[in-house]
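Chemist: Heads up: the sequence lines are chains A and B, in that order.
According to our numbering, the first sequence is numbered sequentially starting from 1.
According to our numbering, the second sequence is numbered sequentially starting from 320.
Bear in mind the hints are in silico, worked out from the structure with no lab data behind them.
All clues given are correct.
Calculated Cβ distances over 12 Å to all of chain A for the following chain B residues:
hint, residue
1, Leu338
2, Pro365
3, Gln372
4, Ala453
5, Thr502
6, Trp530
7, Thr554
8, Gly557
Computed footprint of chain B on chain A; a stretch qualifies when at least three of its residues, placed anywhere within it, have a C-beta under 8 Å from a C-beta of chain B:
hint, stretch
9, 77-83
10, 100-114
What you are looking at is a predicted structure, and each value in this text was computed from that prediction instead of being measured.
We treat Cβ as the ideally placed atom computed from N, Cα and C, and that holds for glycine.
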Amino acid sequence: MTSATPSVELAIETRGLTKRFGHQTAVDGIDLSVPRGAVFGFLGPNGSGKTTSIRMLLGLAAATNGDIAVLGQEMPGRLRDVLPRVGALVEGPAFYPFLSGAANLRRLDTADPGASSATRSARVHRALERVGLTHAAGKKVRAYSLGMKQRLGIANALLVPRELLVLDEPTNGLDPQGTREVRSLVRSLAAEGTTVFVSSHLLAEVEQMCTHAAVMSAGSLVAQGTLDELRRVGEAHLRVRTPDVADARRVLAGFGIAAGDPVTDDLLSAPLPEGAAAPETIVAALVAAGVRVRGFAVVGASLEERFVALTGEGFDVVQ
Amino acid sequence: MVSELTVLFRRRRTWAMLLALAAVPVLIAVAVRLASSPVAPGRGPPFLDRVTQNGLFVAITAMVVCIPLFLPLTIGVVAGDTIAGEAGLGTLRYLLVAPAGRVRLLIVKYAGAAVFCLAATLTVAVSGAAIGAALFPIGPVTLLSGDMIGVGESVLRSLLIAGYVTISMLGLSAIGLFISTLTEVPVGAMAATIVVSVVAQVLDALPQLDWLHPWLFSHYWLDFADLLRQPLEWTSFGNNALLQGGYLLVFGALAYGRFVTKDILS
Chain A
1 MTSATPSVEL AIETRGLTKR FGHQTAVDGI DLSVPRGAVF GFLGPNGSGK TTSIRMLLGL
61 AAATNGDIAV LGQEMPGRLR DVLPRVGALV EGPAFYPFLS GAANLRRLDT ADPGASSATR
121 SARVHRALER VGLTHAAGKK VRAYSLGMKQ RLGIANALLV PRELLVLDEP TNGLDPQGTR
181 EVRSLVRSLA AEGTTVFVSS HLLAEVEQMC THAAVMSAGS LVAQGTLDEL RRVGEAHLRV
241 RTPDVADARR VLAGFGIAAG DPVTDDLLSA PLPEGAAAPE TIVAALVAAG VRVRGFAVVG
301 ASLEERFVAL TGEGFDVVQ
Chain B
320 MVSELTVLFR RRRTWAMLLA LAAVPVLIAV AVRLASSPVA PGRGPPFLDR VTQNGLFVAI
380 TAMVVCIPLF LPLTIGVVAG DTIAGEAGLG TLRYLLVAPA GRVRLLIVKY AGAAVFCLAA
440 TLTVAVSGAA IGAALFPIGP VTLLSGDMIG VGESVLRSLL IAGYVTISML GLSAIGLFIS
500 TLTEVPVGAM AATIVVSVVA QVLDALPQLD WLHPWLFSHY WLDFADLLRQ PLEWTSFGNN
560 ALLQGGYLLV FGALAYGRFV TKDILS
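Here chain B stands alone, though its shape is the one from the complex (with noise of 0.2 Å):
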């Protein structure tokens, strides 16, 4: 486990994905921060009018931002390259005869995956507050349901949002891992990955499939706001963390079934 952190994080490629995450909150930050006319309530972003208020909003308004297709992307070319990689580059063998256990060889990889959603989730995160305390006054927040906080509580809410953002993401790291499996082209199970993520938000957008809503992975992507209310509202983080448990349990599985008998050939 320790061992694939170390692939994972030794990799330039990581490091690269995580600056330019953490680069969306700069960017955000430093156009409102130029901007000479302050930003008039609903245009841009959900919570962009609040950043010059209050500079801890910039790490919320940069999570919404970077949700339907920078987060996906990342996590698409990190959960794809989880075998597919390794067969790419012909050490999946080496691993399997080593011998490292197919089994825990996917549990470790997928673990691998969930690490590094984390970490993206905290790059946006931690860059936005440091850079939202550097360009604008932090104080109290005010949250959706009219309370105020402290800053140490909205700190603490930030990272219940980081949170949240890391499990929404553990369904579609499942799907890239068994999407790994099916393929020893590393780039094809990234791109894989990344379409069903933009696939499923297309399909969340169309009235008509309304029945079909509750079931995709990306449905309550973007629900982190009752986070934002007091008393705390659970109820969307539950449904989240139920849904993508579920899209754990079957593409763990058909990754399983798909990865227990395959023939290595790479």
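For reference, chain A alone in the conformation it holds in the complex (with noise of 0.2 Å):
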């Protein structure tokens, strides 16, 4: 490696990394940086990119174009040396269904030439431990429900110590139980060091538990940052509760805000333009002219009106 050395502080680095099918680009030039010890939300709509991207990451489908350096080495090049250290949950699990949970993971365990067969026994027990599925260890796969097996494709993940988790939708199929337990196991993972890359079309998942976050919209990044940098993009909103409407719009234009028509009857909602006046001399201007002022604040943006704003509203997902 020479001037292009990826750096050793990222978990996973892209340079313009680009996925073609035929005519259809999946993945379109992105740029991840994911430092370690992050817990990185990989966020975007079904059908963005992002599962395309995750089998590049990790060796299953050659890039067309770009870079990854993964943990630090190059990847597919390093592959042997790069994926014992990395858990994957790639585009949900896959088991024998004709085997029981504790032979699946026996299995997939064996298929790693760098784990050792000793402690074999006692590595697949702790990771069933772990996803709280020891009751069920001797049944055949079959018999799982879609939640039993998420979690044994987390417990495969987690067979041996590792420096990166690549958890592809986690919490899908999962019940609301089910996700807290994910979110509190990501989370213990990350105090343990480790950095997890998380992919999700659920906004209010890495809103809890991610430390960063990168937003994919048909194959492309449009946004990557801390959650507080994203979110810091985003307009904050002013909205006043009072029953005269009318006064209370025509001293916002007078701030230069300009407010829509009424949220409800006695709600106003209008963007805060950025070196807009101070939100206590607006209110003071209001009470002046008048206004019954029931209810005041400025809303920061939320992560899911960036989300949309991003990558477009319900079924309008950009193709």
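Two independent chains are provided; combine them into the complex using the hints.
Modeler: In structure tokens form, the structure reads like this:
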């Protein structure tokens, strides 16, 4: 490796990562930077290229263009050195239905030539314990529920201590209880120093457990940074609760704030432009104009607004 | 490798196929035993007429019956399932992320299929010998060359034939492995492998194509009769091994070329 030595401070780094299937560009030149120790949310609507990117990170699919470094080493060139240090859950769990949960884990552990066979049973047991599947260890996976399979998939990623965990939609199919367990599991892993890369289309999930996030839309990376950085980019909103809507709008217009139609009979909402007057000044002006102010708030942009702004609304998702 | 065999032999499907193979000699033996008139020489599958005189021939007759279709069928299922089956289940991506290594996975998968070939032929041989011993007299065997050999020696010859048939199936297994790397639908790979084996035998039966015959992987399948002569005639054994080795090399290389660069999207 010459001048383009991948940074050791980054767990995942891609430059211009591109994947084309025929004429369709699934991933279009993305530059990911996942710092070590972060819980990194990889957000995007279904079909935005998240899983394809993950497949390339793990050496399952070849990139059409671009460079990838995982844990400071070039991929897929150093795949044999890198992958044993990476635990992964890719596009849902997959197991042999005719084997028990424990037998499935043993099988996948055997596939890793670096995994010691002497400690195998103990490690399988511990991984099952960690995801709360000890009671179902001997049961055939055919009889598992979707949530149990999901947990078994996470157990597989935890068979040996990992430096990086790549979890693709880890809470898919889990009930609220299971979702919370996964969140706390991710937090405890992060506390141990493991970098966790979580893909999801669920914002709330990312907001609750991640320190960093990146947003994909139609194959491109449209935003990346810490959660605070991402929130800050969005516009703050002003909310005024008052029965005197018309007067309030007039006063706000004086400050250069364009309030649209009232949200309800007594609630006004307006974007707060940067450099606008301080909130207390606005309140004072409202009161001086005889507006009966019953509520006043400046609301920071939620990540959801930001996400929708970046990726489109509902079914209008950019293809 | 052990893990691969565990997965293979913990499947009910594998046991069902072996059981079906074991049933063939039983069927033959029972049918011959129940028939009122002795089997006329030259009627039915080769060696059938000898069964009543010596139970050891049940295994050989059953082998002849199984080789054209039944054995390739089970091997098509196992070989076609190798990579496509893992892809179909989705476990392929987890094996590769483990990381199993693509070349290592191919080798282990092929070895697993080869072990199944051996298990399948041994099943026919053992089940045939057992049912033959149960229903018919056992004694010294008259070879095709007219010489007599004892029971012990004849068991050895049976094992030699099982070895010959196992080797015969290695070429087909390699073709199955290659086809299996082309698709994510295991049933498709299985069917295609079986079709290939049938087509090869049809081509082998057309006298107009006799220039092609020595190159067909099925050409020597039934030539194990040479192992029933005294002294042992190794020519067809050697030719067969060479041919199967060639198929293994070619289709092994094709499977390698395909699989090592393949995008795993299942």
